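Visitor: Here is how the chains run, residue by residue.
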Amino acid sequence: MLYYSLEALIALLLVVSLVLMQQQSSFDKKGFSSIYLFQQENDLLKVWGLLESIDEKELVNDFNKMFAERNKSISINGRAFSFEGVGGKPVKSNASFNGFEIELIVYH
Amino acid sequence: MRNNGFVFSMDLMLAGMIAFAGILFILYFSSHSVNESMNAFNESSLEKQGIYLADLMVKTSQGNGVAFFDEEKKRVEENLVLEEKLEGFGFKKGKYFVKSIRLMKENSPKEIALSDEEGNCIFIKRFVLLKESMQKAVLGVEFCEK
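Residue numbers (our numbering), protein chains in the order written: chain A, 1 to 108; chain B, 1 to 146.
Derived by calculation from the structure, the hints in this document are not laboratory data. Among the clues, some could well be false.
What the hints assert, rightly or not - 25 Å max Cα-Cα, derived PhoX-like pairs, lysine-lysine:
#, chain 1, residue 1, chain 2, residue 2
1, B, Lys131, A, Lys46
2, B, Lys85, A, Lys46
3, B, Lys73, B, Lys48
Values in this document were obtained by computation on a predicted structure and should not be read as measured data.
Chain A on its own, in the form it takes in the complex (with noise of 0.2 Å):
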């Protein structure tokens, strides 16, 4: 049986409170990174929606001046595009115009 003394179990709710304030902070520099990245995505989904023509080469080169060294794909009518791999947390966006069928997904 195990048996944890009253000196082991403080030194234990110790350690475990400052694990959680270290996560606490890590949590608090991700904030809203997030939020920005979803902004961002919205930004090129409307702009691309107030054109009145816009092509595929067009569509994939404004995803990648927007989103320069990031992890990301972007999926035009069921194709897929990734650049610099995938990985980390996905952000996604996705939207219907013009004939297109657009997700984009970033990763931070």
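We have chain A already, so just place chain B on it with the hints.
Guide: Only chain B this time, still in chain A's reference frame:
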């Protein structure tokens, strides 16, 4: 009665040293965590204010907004930006201010310097369409804290 001689026996001294070292360690670790949390909070405040302002700029036409207001439709066209409004843009609220605005258009990037003040700055990027030329551009806002 048994006489132990010295009040602080070796055993008690060791226990005391361990407890003292433990308290020091906890105090050091706590202050380190508090400092880290404070830094994260300050950074996130700057980030939060910057993200909020940039969003306000591209989505509204009043105050700090630079979006186009369509009189016919009686609505703001989000992300459709008036370049002339950027020229006269200015933002300063408390310790926060906008140092410069960069408009990264195809082949013709443009920088509008708005303040000479120095501070801790972040760069917020938003994708917009310019109303006059119907040209796509990345709007960069250099948002700072004194």
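Visitor: Run every hint past the structure and note whether it holds.
Guide: Verification of the hints:
1. B:Lys131 to A:Lys46: holds, 14 Å
2. B:Lys85 to A:Lys46: The hint holds at about 20 Å.
3. B:Lys73 to B:Lys48: Violated - the C-alpha atoms of Lys48 (chain B) and Lys73 (chain B) are around 32 Å apart, more than 25 Å.
Checked against the numbered hints given earlier, this structure breaks only hint 3.
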